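K.L.:
Chains as they are written, first to last, in our numbering: chain A, 127 to 458; chain B, 127 to 458; chain C, 777 to 984; chain D, 777 to 984.
Check before you lean on any hint, since a few could be wrong.
[Said to hold, decoys possible] Computed spacing ranges between beta-carbons, pair by pair:
no. : chain 1 : residue 1 : chain 2 : residue 2 : range
1   : B       : Ser158    : A       : Ser267    : 34 to 44 Å
2   : C       : Gly895    : A       : Asp248    : 18 to 28 Å
3   : D       : Arg892    : B       : Glu249    : 16 to 26 Å
4   : A       : Ser221    : B       : Glu439    : 31 to 41 Å
5   : B       : Ser158    : D       : Pro944    : 33 to 43 Å
6   : C       : Gln897    : B       : Ala164    : 56 to 66 Å
7   : A       : Ser267    : B       : Glu334    : 40 to 50 Å
8   : C       : Arg892    : A       : Val458    : 38 to 48 Å
9   : B       : Glu439    : A       : Asp248    : 22 to 32 Å
10  : B       : Pro448    : A       : Gly170    : 43 to 53 Å
[As the list claims (entries may be wrong)] Derived list of chain B stretches under chain A, where covered just means 3 residues or more per stretch with a C-beta under 8 Å from a C-beta of chain A:
no. : stretch
11  : 339-345
12  : 387-397
13  : 426-434
14  : 437-444
None of these hints come from the bench; they were simulated from the model. Being a predicted model, the structure only gives us computed values, none of them experimental. Glycine is no exception: its CB is placed at the ideal position from the N, C-alpha and C atoms.
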Amino acid sequence: MKKFLNTADTYLTDALAGFAAAHPELSVNLESGVVTRARGAVAGKVGLVSGGGSGHEPLHTGFVGEGMLDAACPGEIFTSPVPDQATEAVRAADSGEGTVLVVKNYTGDVMNFEMAAETLGDEGLQVETVLVDDDVAVEDSTFTAGRRGTGATLLVEKIAGGSAARGDALAEVAEAGRRVNAASRSFAVALTACTTPSAGRPGFDLPEDEIEVGVGIHGEPGRRREKLRSAGEIVSDMVDAVLDDRPLESGSEAIVVVNGLGGTPLSELYLVYGEVAALLEERGITIVRNAVGDYVTSLDMAGCSITICEAQEDFLPLWDAPVNTPGLRWGV
Amino acid sequence: MKKFLNTADTYLTDALAGFAAAHPELSVNLESGVVTRARGAVAGKVGLVSGGGSGHEPLHTGFVGEGMLDAACPGEIFTSPVPDQATEAVRAADSGEGTVLVVKNYTGDVMNFEMAAETLGDEGLQVETVLVDDDVAVEDSTFTAGRRGTGATLLVEKIAGGSAARGDALAEVAEAGRRVNAASRSFAVALTACTTPSAGRPGFDLPEDEIEVGVGIHGEPGRRREKLRSAGEIVSDMVDAVLDDRPLESGSEAIVVVNGLGGTPLSELYLVYGEVAALLEERGITIVRNAVGDYVTSLDMAGCSITICEAQEDFLPLWDAPVNTPGLRWGV
Amino acid sequence: MDIELARTWVRGIGAAVERERERLGELDAAVGDGDHGTNMHRGFDAAVAAVAAMDPDSVGAVLTTTGTTLVSKVGGASGPLYGTALRAAGKKLDAERAEPAEVGAALTAALEEVRRLGGAQPGDKTMVDALAPAVDAFVRAADSGGRLGAAARAAADAAEEGMRATEPMQARKGRASYLGERSIGHVDPGAVSTALMMRALADAAAEC
Amino acid sequence: MDIELARTWVRGIGAAVERERERLGELDAAVGDGDHGTNMHRGFDAAVAAVAAMDPDSVGAVLTTTGTTLVSKVGGASGPLYGTALRAAGKKLDAERAEPAEVGAALTAALEEVRRLGGAQPGDKTMVDALAPAVDAFVRAADSGGRLGAAARAAADAAEEGMRATEPMQARKGRASYLGERSIGHVDPGAVSTALMMRALADAAAEC
Ligand SMILES: Nc1ncnc2c1ncn2[C@@H]1O[C@H](COP(=O)(O)OP(=O)(O)O)[C@@H](O)[C@H]1O
Ligand SMILES: Nc1ncnc2c1ncn2[C@@H]1O[C@H](COP(=O)(O)OP(=O)(O)O)[C@@H](O)[C@H]1O
Ligand SMILES: [Mg+2]
Ligand SMILES: [Mg+2]
Ligand SMILES: [Mg+2]
Ligand SMILES: [Mg+2]
Numbered sequence: 127m128k129k130f131l132n133t134a135d136t137y138l139t140d141a142l143a144g145f146a147a148a149h150p151e152l153s154v155n156l157e158s159g160v161v162t163r164a165r166g167a168v169a170g171k172v173g174l175v176s177g178g179g180s181g182h183e184p185l186h187t188g189f190v191g192e193g194m195l196d197a198a199c200p201g202e203i204f205t206s207p208v209p210d211q212a213t214e215a216v217r218a219a220d221s222g223e224g225t226v227l228v229v230k231n232y233t234g235d236v237m238n239f240e241m242a243a244e245t246l247g248d249e250g251l252q253v254e255t256v257l258v259d260d261d262v263a264v265e266d267s268t269f270t271a272g273r274r275g276t277g278a279t280l281l282v283e284k285i286a287g288g289s290a291a292r293g294d295a296l297a298e299v300a301e302a303g304r305r306v307n308a309a310s311r312s313f314a315v316a317l318t319a320c321t322t323p324s325a326g327r328p329g330f331d332l333p334e335d336e337i338e339v340g341v342g343i344h345g346e347p348g349r350r351r352e353k354l355r356s357a358g359e360i361v362s363d364m365v366d367a368v369l370d371d372r373p374l375e376s377g378s379e380a381i382v383v384v385n386g387l388g389g390t391p392l393s394e395l396y397l398v399y400g401e402v403a404a405l406l407e408e409r410g411i412t413i414v415r416n417a418v419g420d421y422v423t424s425l426d427m428a429g430c431s432i433t434i435c436e437a438q439e440d441f442l443p444l445w446d447a448p449v450n451t452p453g454l455r456w457g458v
Numbered sequence: 127m128k129k130f131l132n133t134a135d136t137y138l139t140d141a142l143a144g145f146a147a148a149h150p151e152l153s154v155n156l157e158s159g160v161v162t163r164a165r166g167a168v169a170g171k172v173g174l175v176s177g178g179g180s181g182h183e184p185l186h187t188g189f190v191g192e193g194m195l196d197a198a199c200p201g202e203i204f205t206s207p208v209p210d211q212a213t214e215a216v217r218a219a220d221s222g223e224g225t226v227l228v229v230k231n232y233t234g235d236v237m238n239f240e241m242a243a244e245t246l247g248d249e250g251l252q253v254e255t256v257l258v259d260d261d262v263a264v265e266d267s268t269f270t271a272g273r274r275g276t277g278a279t280l281l282v283e284k285i286a287g288g289s290a291a292r293g294d295a296l297a298e299v300a301e302a303g304r305r306v307n308a309a310s311r312s313f314a315v316a317l318t319a320c321t322t323p324s325a326g327r328p329g330f331d332l333p334e335d336e337i338e339v340g341v342g343i344h345g346e347p348g349r350r351r352e353k354l355r356s357a358g359e360i361v362s363d364m365v366d367a368v369l370d371d372r373p374l375e376s377g378s379e380a381i382v383v384v385n386g387l388g389g390t391p392l393s394e395l396y397l398v399y400g401e402v403a404a405l406l407e408e409r410g411i412t413i414v415r416n417a418v419g420d421y422v423t424s425l426d427m428a429g430c431s432i433t434i435c436e437a438q439e440d441f442l443p444l445w446d447a448p449v450n451t452p453g454l455r456w457g458v
Numbered sequence: 777m778d779i780e781l782a783r784t785w786v787r788g789i790g791a792a793v794e795r796e797r798e799r800l801g802e803l804d805a806a807v808g809d810g811d812h813g814t815n816m817h818r819g820f821d822a823a824v825a826a827v828a829a830m831d832p833d834s835v836g837a838v839l840t841t842t843g844t845t846l847v848s849k850v851g852g853a854s855g856p857l858y859g860t861a862l863r864a865a866g867k868k869l870d871a872e873r874a875e876p877a878e879v880g881a882a883l884t885a886a887l888e889e890v891r892r893l894g895g896a897q898p899g900d901k902t903m904v905d906a907l908a909p910a911v912d913a914f915v916r917a918a919d920s921g922g923r924l925g926a927a928a929r930a931a932a933d934a935a936e937e938g939m940r941a942t943e944p945m946q947a948r949k950g951r952a953s954y955l956g957e958r959s960i961g962h963v964d965p966g967a968v969s970t971a972l973m974m975r976a977l978a979d980a981a982a983e984c
Numbered sequence: 777m778d779i780e781l782a783r784t785w786v787r788g789i790g791a792a793v794e795r796e797r798e799r800l801g802e803l804d805a806a807v808g809d810g811d812h813g814t815n816m817h818r819g820f821d822a823a824v825a826a827v828a829a830m831d832p833d834s835v836g837a838v839l840t841t842t843g844t845t846l847v848s849k850v851g852g853a854s855g856p857l858y859g860t861a862l863r864a865a866g867k868k869l870d871a872e873r874a875e876p877a878e879v880g881a882a883l884t885a886a887l888e889e890v891r892r893l894g895g896a897q898p899g900d901k902t903m904v905d906a907l908a909p910a911v912d913a914f915v916r917a918a919d920s921g922g923r924l925g926a927a928a929r930a931a932a933d934a935a936e937e938g939m940r941a942t943e944p945m946q947a948r949k950g951r952a953s954y955l956g957e958r959s960i961g962h963v964d965p966g967a968v969s970t971a972l973m974m975r976a977l978a979d980a981a982a983e984c
């Protein structure tokens with residue numbers, strides 16, 4: 127395993143310590159991993175909290191700050207946080223107006239956050255959960271744990287964050303998040319497996335001429351293995367998968383995220399974006415906003431995901447609203 | 127070779143086409159590769175132009191925009207641009223106040239930009255060149271081509287960009303850039319080699335337990351090969367190399383850049399930053415600003431560089447000044 | 777089952793998980809995200825310490841503390857499932873000693889909790905495929921007058937058989953379900969850890 | 777040398793570079809950034825086309841166009857060096873024919889331009905280590921009354937010898953100098969491309 131690390135066991139806390147050192151505007155509890163804004167909950171504002179396994183940086187810790195999350199609770203690598211972390215994060219985020227909890231749809235995440243929500247409910251805190259399940263590589267049926275939460279999380283957290291920041295009420299913030307999720311679909315492919323510090327070697331072996339298609343963000347193998355083809359062909363399949371699941375008519379407007387999985391350089395992501403843009407143009411879909419970069423990663427995996435979100439009218443001002451976080455920053 | 131690409135020959139133009147599609151606020155000449163602000167030169171403002179080989183994205187194209195560059199001229203991958211590209215970029219950036227050309231110190235870059243500057247001089251345009259040479263892995267002696275320009279380029283372009291944006295005159299903008307360069311030193315290590323599309327395979331073979339120490343940003347081997355050690359040990363050597371070359375006294379203030387080379391995930395960069403922060407604290411040096419992320423990359427190389435810049439008084443307001451580019455954005 | 781035996785059981789699981797940590801991780805890497813070994817290890821490390829530090833007044837207290845520790849240390853899918861299951865089992869055993877039938881009722885409560893929380897049916901390729909036959913075997917042995925050791929041995933055997941039976945299954949719950957047909961041909965890591973837990977009980981109760 | 781021979785020379789370099797593209801890249805990867813093959817290929821591809829499309833009125837025009845094309849297509853270190861060198865050579869040959877001594881003077885001008893622009897001394901492990909002995913051998917052969925073919929052959933032989941002599945050198949110019957002692961043991965890619973260029977001249981002038 128080739129990584130900058132001291133020991134596998136301290137990887138997470140060491141990385142978090144560095145994050146804390148780099149971002150004095152945030153407050154980082156190195157014991158629990160919970161990250162909050164240094165100034166605490168914002169009076170009169172609905173809280174927004176997210177969390178999940180680590181290894182997806184900048185998600186979620188990198189999205190804490192003005193215009194986005196109030197707190198994040200990262201778990202161990204690829205392991206959903208425990209309920210205690212989630213309750214700590216929500217308590218820190220709650221100013222009395224209630225808190226929206228953004229949860230990616232994984233069995234572990236759902237269960238742990240549910241337990242946290244019960245505890246918080248018992249304490250009299252209002253908590254609304256927004257479940258993100260955008261990954262069309264997984265069929266949403268009784269034969270699976272349901273679609274996974276992946277790239278759309280960026281959109282949900284930014285737009286719900288904008289809604290909370292402008293003073294919307296708890297139900298409205300949650301509703302904004304849910305509508306973004308409902309309007310979004312994603313699909314990912316991996317060129318290489320990723321290596322968790324504890325495993326010390328890649329999660330799967332992938333020959334030089336093969337790729338994993340329909341992967342998630344936890345280093346698991348995808349739906350199928352294919353021969354490596356040209357970017358144009360790969361991206362065309364990805365866009366088809368996304369739009370087959372949730373068609374967009376000619377004339378619609380979309381927000382597109384081309385998200386790197388951690389080991390793919392920016393130039394390749396732009397190349398992929400160019401293919402997406404051409405394909406959507408052919409279909410008469412206008413891309414009104416885009417984000418190209420590493421947002422929801424899978425450690426050092428080479429690969430990318432494509433998220434297409436129908437840009438419903440009220441999404442754009444909330445996407446454009448000021449944001450000041452380590453991972454996303456504009457307008458302030 | 128595992129990359130998202132169509133053909134090796136079209137890699138660069140395809141990536142640039144995607145960049146153009148993603149950033150309508152910029153104007154991209156797909157023939158020459160020159161990127162300018164869509165609204166052109168800013169009246170009354172000194173122009174700021176940079177360029178160099180491609181493969182370092184977001185540098186330089188991703189730093190075109192308000193508060194930073196007016197134009198960038200990317201060459202082929204790891205190949206300095208030709209004089210025609212540089213002249214096109216400078217002409218687009220020049221509003222009559224003269225233009226500062228940021229050039230990284232490589233034989234090819236220096237010669238090509240010099241030829242461009244001669245041509246531009248003949249046309250009556252005023253051009254000042256700022257040479258960036260921060261990489262202490264290379265001795266600055268007659269036995270080498272001199273220190274390379276690497277991570278400090280981010281600082282030079284941002285701070286000179288801030289100087290130009292606030293209306294400083296040509297000589298002042300150039301002087302700001304030169305002083306940032308003089309105040310900065312960098313050092314990089316690679317965990318893996320990178321693969322150029324045209325070569326199709328890694329530039330060198332590196333066993334699982336070895337790293338290249340003192341690498342540049344063009345996939346070349348480093349000064350020496352070493353056993354992989356803990357992040358703490360590696361970073362300690364890197365910081366020593368930087369500060370041995372340009373010592374900072376206890377009590378000084380620094381801007382620190384921990385820069386990913388393209389294939390290293392953000393969590394590792396933060397881990398490295400944590401080590402740097404601890405080492406500088408031990409030496410009594412206060413980090414007053416930091417940037418942790420991929421800024422000056424080497425395609426898909428896993429590795430990082432550390433840049434330490436003495437934060438001279440006037441640097442901070444210029445670093446903090448608003449910037450709105452694809453690769454760096456705050457304050458607007 | 778007395779308090780000391782409960783403690784020995786927890787320690788036994790801790791030792792088994794320590795020993796099998798890497799294998800659990802590899803099994804999970806094949807169909808999931810590879811963290812089941814470290815998850816179980818982190819949880820039972822803490823649980824063993826918690827149980828050693830406490831002065832329990834009932835068998836159930838040992839299991840409840842173990843469950844609570846798992847919930848607050850493990851995360852992922854296995855943390856809440858094993859954690860609440862053990863808490864449910866603990867609630868049933870509020871005396872200093874428990875007869876085999878009472879232990880059987882506690883294990884039944886644990887299984888119900890796993891099924892309620894996770895919603896998995898037998899055949900979905902989860903820990904349920906090891907736990908359900910194990911609980912069934914335990915209860916049957918205890919009901920027919922079997923001693924703790926014998927019932928636990930029957931349970932461990934059944935758990936291991938159920939664990940092996942997950943190999944040809946296609947997963948319908950948890951991360952492995954994302955793989956669809958590609959999940960076939962791999963043993964479920966949670967079923968393996970369940971089998972380890974039942975075997976640890978059998979070993980702890982071997983003399984009873 | 778007449779105009780046609782100059783064209784044949786440029787085409788010959790184009791073919792050699794096409795053939796050796798990969799090797800030039802590999803040599804450059806060992807001590808530099810691996811682009812020398814694609815750089816030369818891109819440049820001479822364009823130069824061959826430019827020279828084919830033009831209707832030159834002098835030998836020098838062919839070389840000047842080649843040089844200008846290299847400057848505007850290659851980039852890197854080799855682009856300006858080879859480009860301005862060929863332009864300097866071209867300026868010396870403004871007639872339809874050039875005698876061997878005139879070609880020798882043109883090559884001398886090219887070498888001077890490379891040395892002026894790049895600042896490299898013989899022994900610095902650059903193209904100069906192939907070009908300097910080649911020009912020297914050419915001029916000596918021409919001065920002693922040798923015909924173009926013989927002078928060019930002497931130059932090509934000297935270039936190849938000079939190229940091979942770069943292997944044990946430690947680089948002091950260009951990217952290879954960044955490697956310090958690690959640059960020892962590799963042939964300089966620019967010296968190789970220079971040798972290819974001189975050999976292409978010898979081949980084009982074989983019958984002269
Ligand atoms: N819905 C479920 N019901 C029962 N068991 C489940 C369920 N989902 C997952 N599991 C079990 O959890 C195990 C995985 O645990 P672990 O790897 O620790 O968590 P995660 O899947 O969150 O990474 C699986 O092997 C399976 O036995
Ligand atoms: N200062 C110099 N003087 C003469 N030749 C040089 C100098 N620097 C580099 N070269 C030559 O250029 C060659 C490399 O060319 P190329 O790879 O195309 O450009 P770059 O080094 O910019 O990638 C070297 O092998 C060397 O022969
Ligand atoms: Mg997990
Ligand atoms: Mg080059
Ligand atoms: Mg797992
Ligand atoms: Mg080169």
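K.L.:
Against the structure shown, which of the earlier numbered hints fail to hold, in ascending order?
P.N.:
Checked against the structure, the hints that fail are numbers 1, 9, 10, 11, 14, while the rest are satisfied.
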